[in-house]
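**Q** Next come the chains, spelled out residue by residue.
Number of protein chains: 4
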Amino acid sequence: MIRVGIVGYGYWGPNLARVAAEIDDCVVAAIADGSRPALARAAKRHPASRLYDDWRDLVKAPDVDAVIIATPVHTHYGIALSALQAGKHVLLEKPMTETAEQAERLIAEAVRRNLTLMVDHTFVYTGEVRKIKEIVSSGQAGEIFYYESTRINLGKFQRDVNVIWDLAVHDLAILDYILGEPAIAVSASGAGHIVGSPENLAHVTVFFAGGTIAHLNVNWLAPVKVRQTYIAGSRQMIVYDDLQTSEKVKVYDRGVTSDASQEDIYQRHVGYRIGDMWSPAIPITEALATELTHFVECVTASKRPITCGVNGLSVVRMLECASLSMGQRGHPIDIQHLRVAS
Amino acid sequence: MIRVGIVGYGYWGPNLARVAAEIDDCVVAAIADGSRPALARAAKRHPASRLYDDWRDLVKAPDVDAVIIATPVHTHYGIALSALQAGKHVLLEKPMTETAEQAERLIAEAVRRNLTLMVDHTFVYTGEVRKIKEIVSSGQAGEIFYYESTRINLGKFQRDVNVIWDLAVHDLAILDYILGEPAIAVSASGAGHIVGSPENLAHVTVFFAGGTIAHLNVNWLAPVKVRQTYIAGSRQMIVYDDLQTSEKVKVYDRGVTSDASQEDIYQRHVGYRIGDMWSPAIPITEALATELTHFVECVTASKRPITCGVNGLSVVRMLECASLSMGQRGHPIDIQHLRVAS
Amino acid sequence: MIRVGIVGYGYWGPNLARVAAEIDDCVVAAIADGSRPALARAAKRHPASRLYDDWRDLVKAPDVDAVIIATPVHTHYGIALSALQAGKHVLLEKPMTETAEQAERLIAEAVRRNLTLMVDHTFVYTGEVRKIKEIVSSGQAGEIFYYESTRINLGKFQRDVNVIWDLAVHDLAILDYILGEPAIAVSASGAGHIVGSPENLAHVTVFFAGGTIAHLNVNWLAPVKVRQTYIAGSRQMIVYDDLQTSEKVKVYDRGVTSDASQEDIYQRHVGYRIGDMWSPAIPITEALATELTHFVECVTASKRPITCGVNGLSVVRMLECASLSMGQRGHPIDIQHLRVAS
Amino acid sequence: MIRVGIVGYGYWGPNLARVAAEIDDCVVAAIADGSRPALARAAKRHPASRLYDDWRDLVKAPDVDAVIIATPVHTHYGIALSALQAGKHVLLEKPMTETAEQAERLIAEAVRRNLTLMVDHTFVYTGEVRKIKEIVSSGQAGEIFYYESTRINLGKFQRDVNVIWDLAVHDLAILDYILGEPAIAVSASGAGHIVGSPENLAHVTVFFAGGTIAHLNVNWLAPVKVRQTYIAGSRQMIVYDDLQTSEKVKVYDRGVTSDASQEDIYQRHVGYRIGDMWSPAIPITEALATELTHFVECVTASKRPITCGVNGLSVVRMLECASLSMGQRGHPIDIQHLRVAS
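Chains as they are written, first to last, in the UniProt record's numbering: chain B, 1 to 342; chain R, 1 to 342; chain Y, 1 to 342; chain W, 1 to 342.
FYI, nobody ran anything at the bench for these hints, they're computed from the structure. For glycine and all other residues, C-beta sits at the position ideal for the given N, C-alpha and C. Check before you lean on any hint, since a few could be wrong.
[As the list claims (entries may be wrong)] Within a straight-line C-alpha distance of at most 16 Å, the following computed EDC-like cross-link-like pairs (lysine to aspartate or glutamate) qualify: (1) Lys131(R) / Asp276(Y); (2) Lys131(B) / Asp24(W); (3) Lys44(B) / Glu22(Y); (4) Lys225(B) / Asp241(B); (5) Lys225(R) / Asp24(B); (6) Lys250(B) / Glu247(W); (7) Lys250(W) / Asp253(B); (8) Lys250(B) / Asp276(W); (9) Lys250(R) / Glu128(R); (10) Lys44(R) / Glu247(W); (11) Lys250(W) / Asp276(B); (12) Lys44(Y) / Asp63(B); (13) Lys131(W) / Asp241(B); (14) Lys131(Y) / Glu247(Y); (15) Lys131(Y) / Glu128(R).
[As the list claims (entries may be wrong)] Here are a few chain B residues that sit away from chain R, every Cβ distance over 12 Å (derived from the structure): (16) Gly34; (17) Ala40; (18) Ser82; (19) Glu98; (20) Ile107; (21) Leu154; (22) Gly196; (23) Val224; (24) Ile282.
Same shape as in the complex, but just chain B (with noise of 0.2 Å):
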């Protein structure tokens, strides 16, 4: 029986409160909250809960064996640093932190306790990625051409961080987890049209290693809700769709063909390959539990998690850059420049 505390219990931390109630093996201790209505609302739903209006308490609280973080990125590493010295495994929320150093820091904290530390890439655990990353992975669809993904609504306008820390973590989370190579550059582009408010519109694009272009359209201030991604392969191209009810994810065996045997490019011919759709079945289950109850695992069998730290570094280190390139109107930043010596 693993014993979990959550810290924070605004938007995000009812959900892992009420997820982690459910699982087996798996109690919700305790619950921090610095807001006296947050705690309010979690007695009402977790009255053997025990609360702390301090994190710090919960932290160092014995009956305590895993801390589950859900607060602003901003205070990320300080609790997770603190969870970890104090002997707890931790779950932390994306983005795992503000630098890529943070990170760092925190992956060695966890490897010197040999401790857990598990980055909450939610879209991970869900049955649609994990369907594509099977597909991918398969060599199926050939070679990754690109990913194209738009991910834009009205709202939820955040304060501290721009759209790219809000929306486009999820694709570069899905991209880290699909394509398990490392991103070489990153170009972003964006504007902000409220006064006072980051950017709430940008363009990123990362490169691949091994050549695969992405390109993440994300949006705070448009007039409807899409969450599109077309990935291209030599042989394959998938469509997921996750606002459809179903049938969220479409492999179509389409692509073009190119004559290579001409010598001459020119009078080289482009066909056109226009194959079978095919959905697959997937079944529906919650990502969060999925997510939870992997992570009660890897605590309990000292596993190392699909999402671990490492992810979550591989992640911020993206952020950084695109925000790096986002303030010079694109230009390009390579990732090694980034790296920290080990």
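Dock chains R, Y and W against the given chain B, drawing on the hints supplied.
**A** Quick look at chains R, Y and W alone, frame taken from chain B:
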């Protein structure tokens, strides 16, 4: 009665010929194409039109008042210049020319001879784009924040031009018409996935003098066909989906409100305005018929076309800058740098 | 403060309990269910509520003011009658009862004792159906010609009732609310494809006194889920698609015009009016919360509910006739034939 | 080379003429229409065809091998009979005739003279319907439970036939082709909302010998255009949406399973099978070209057409019964009652 000669009877020429033949006050006097099978098809459908295998003969024919040019872009300048020098009015397929310099010379030649010079920016003549222009010009949508367009499909790979010149040209023509203000800079990135073919995927960002940002996503290697545009104003937002069979234009009374009275911008509250959606009825018309009727009127009454040479030039300038930027991984290119001395 | 007791903690009961617990002026005093695992789940989520394994005990409890009944339909009459006789207000799950006669007896009992008797016609409390009612009642849509609904999906096959009692009941409740006039006849046909299960596919036509015709297509064995309703008036037509994530209600300014001045009807010209489409913004609310708040208000202020026993009776009458007609291959059944003497 | 004469150059005739002119081994020798403007349009588009203002002259012309009839349905019998008596092969627009008796006489006449008699059931020649036929015939979908079709739009109100003869005829032709078995009974109900016009809304149920039930929802007074068909088999279900621009046919590996081993049917458990969806690639072809090519082949090789007179008769029988039933508020009509003695 305007007697037109059509140069080029390949992909688009037959449409121009068919529609021109049905326009009042217009007759298709002649058709020229260097391909024998193309001429045979022209003969079958337009038995009353004279046929030429060399456009030079058509351009010189005394019973041709106006020349419509639907040939590959690299031939536009030569044919159009000859036609103007022979005293013929000219309607040029888009993109107008390969370079801004060529476009400027054609404009000068037409002005000198008092001839009509029009560019076939077809979308400008659709009911949908005209309705959007009306909404934007009336001010009801407020200040235009951005224009975001996705124009993707599988094929048709071109050999001589990249995907920007083939697909983004439509959005640039629409932008030129709707905003009616100059672009100041362009940034573009792209990739080619077929050896020996130009770039088949590109992202183009255009910065306009009035603050509007446009982003165009164009792709010949996409699993599905998409023609979708979002235009966001400070008061209303427009969705234009050209693949819908009805309600192609939807106007959303949506946006954000900012409490500017708060001195501390971090305390300002961003609110969301979610009002009704409205889809104006748009009469079903064939854009090409509207356009050719307009051309005949302009020739007859010596009127300046809605899509005249200057508009064609404006689009070519953006295309040139986009290609230049794409060669420099997105480095933004200032538009005025390309202006030639007048 | 109204103290409610909930009878039945199977599929719908937990939703009623969850929402009732969050309503102001309402407390879930007791929950009854004959199933031990159901009671265990109730205990976990509602630790402060008293639990009964026999509804007879709950109904008699002195600290219960109102009873909410969410049990199989064949038990509704017995439980509701006992509750009314014990002086409790009653909210009954739909369909209200198995027969119109039972419904009439419950109404009489509630009237005699001056108790609130309400039926859980949930859709009547959605923002969408209320907006449609408002449009129809205002007269802006004109005379209502027809109501056509498709309510199909794969599953959930019921054992005790056919698909009409399970799915068409929603449309009948909506029709009762929107039209506010009596149905005069019903014709239905259907088929069962699984041995030992009731009809899983049915087509129901309802004729209303004012001339409106309703047609309901319900099906448990459909490849996809559809929830789509077309309502056509002489001036406007409404499309209500409950599976859309936004713009669920669209109002089309469309119709036909007939040149009635022509004496010879064969010479009369039918014209088409194609005007704008408009989708009203509808606040996102939980129908069940609106409904339970209304129930508490009705109990407290002795108000007549919007979906009172008489509305429940009206729906049960149509259901009875539909089942009768389905057994006679669509022979139309007059509604008044079922009326019992008053 | 087959020389065809086309009778009727109104709505559909121009399409038949255009496509026939492009078919190999086929020439449009003559066109007849009583309307002077129609003949003028025919002259412009088919300058090489002879024109007649009286179909009787065309039917007698010695250089016409086959007559294609695209006139109002009440004229079909007379024109087709004359053509057959003049020794011409006949392709008749759908519905074949006004009555089954007329259809039987035409079939007899064609058989006696060994002439091709074909009916223009266009949908049978689409790639989509052929693919569905292939799936159903192969048995992979299992036993066909039902066919449900919605074919609605605003307009085009007809003066001489009701909506069943105008729209349901398409589904009846598709059913005749796909199932290849006789209908045994038809029930229909409908309503007319425009004084002086026939019924504009109808629901038609057709019972087939093999147990399949078909339901057709047809409507000229609908807010939106819908062309959607669901076909459910015991093993697979098919969705055919003719308004999609791609993936018009989708095959769902879905259904229910019933535990038949349980003796007590009330204890039997209905399970759900939710498998993959698959959308076969269907080559884009023009159905009319496929159909006219088939007609020319049948005439040339004395082959029996896929949609011969017997198929036309089968559809007319269902139409007659549907109209009869609609006049009796849905009273089911047995098909064999209409059979004439052979």
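**Q** Each hint: holds or not?
**A** Hint-by-hint comparison with the structure:
1. As the CA atoms of Lys131(R) and Asp276(Y) are separated by approximately 13 Å, the hinted pair is consistent with the 16 Å bound.
2. Distance restraint check for Lys131(B) and Asp24(W): the Cα-Cα separation of roughly 49 Å exceeds the 16 Å cut-off, and the hinted pair is therefore not satisfied.
3. Restraint check: the Cα-Cα separation between Lys44(B) and Glu22(Y) comes to about 10 Å, which is no more than 16 Å; the hinted pair holds.
4. Note on Lys225(B) and Asp241(B): the hinted pairing holds, with a Cα-Cα distance of about 11 Å set against a maximum of 16 Å.
5. With a C-alpha separation of about 46 Å, the suggested pair Lys225(R) and Asp24(B) falls outside the 16 Å cut-off, and the hint is violated.
6. For a cut-off of 16 Å, the pair hint linking Lys250(B) to Glu247(W) stands: about 11 Å separates their Cα positions.
7. Only pairs whose Cα atoms come within 16 Å are accepted, and Lys250(W) paired with Asp253(B) is accepted, the gap being roughly 15 Å.
8. Restraint check for Lys250(B) and Asp276(W): satisfied, since their Cα atoms lie roughly 10 Å apart, inside the 16 Å limit.
9. Under the criterion of a C-alpha separation no larger than 16 Å, the hint pairing Lys250(R) with Glu128(R) is consistent with the structure, at around 10 Å.
10. A distance of roughly 35 Å separates the Cα atoms of Lys44(R) and Glu247(W); the hinted pair therefore is violated under the 16 Å criterion.
11. Annotation: proposed proximity of Lys250(W) to Asp276(B) holds, straight-line Cα distance about 10 Å (limit 16 Å).
12. With a C-alpha separation of about 22 Å, the suggested pairing of Lys44(Y) with Asp63(B) is violated against the 16 Å cut-off.
13. Proposed proximity of Lys131(W) and Asp241(B) is contradicted: the alpha carbons are some 27 Å apart, above 16 Å.
14. Under the criterion of a C-alpha separation no larger than 16 Å, the hint pairing Lys131(Y) with Glu247(Y) is consistent with the structure, at around 12 Å.
15. The straight-line distance between the Cα atoms of Lys131(Y) and Glu128(R) is roughly 29 Å, outside the 16 Å bound, and the hint therefore fails.
16. At the 12 Å boundary, the C-beta of Gly34(B) stays outside the reach of chain R, the nearest C-beta of that chain being 18 Å off.
17. At roughly 23 Å from the closest C-beta of chain R, the C-beta of Ala40(B) stays outside 12 Å, upholding its exclusion from the interface.
18. With a closest Cβ-Cβ approach of about 26 Å to chain R, Ser82(B) is found to remain outside the 12 Å limit, as its non-interface label requires.
19. Every beta carbon of chain R lies more than 12 Å from that of Glu98(B), the smallest distance being close to 17 Å; the non-interface claim holds.
20. Under the 12 Å C-beta cut-off, the non-interface status given to Ile107(B) relative to chain R holds; the minimum distance is some 31 Å.
21. Leu154(B), annotated as away from the interface, has a beta carbon of chain R within 12 Å; the closest lies near 6 Å.
22. At roughly 3 Å, the least C-beta separation between Gly196(B) and chain R is not larger than 12 Å, which violates its mark as non-interface.
23. Non-interface call for Val224(B) relative to chain R: violated, since the shortest CB-CB distance, roughly 6 Å, does not exceed 12 Å.
24. For Ile282(B), the condition that its CB be more than 12 Å from all CB atoms of chain R holds, with the nearest at approximately 18 Å.
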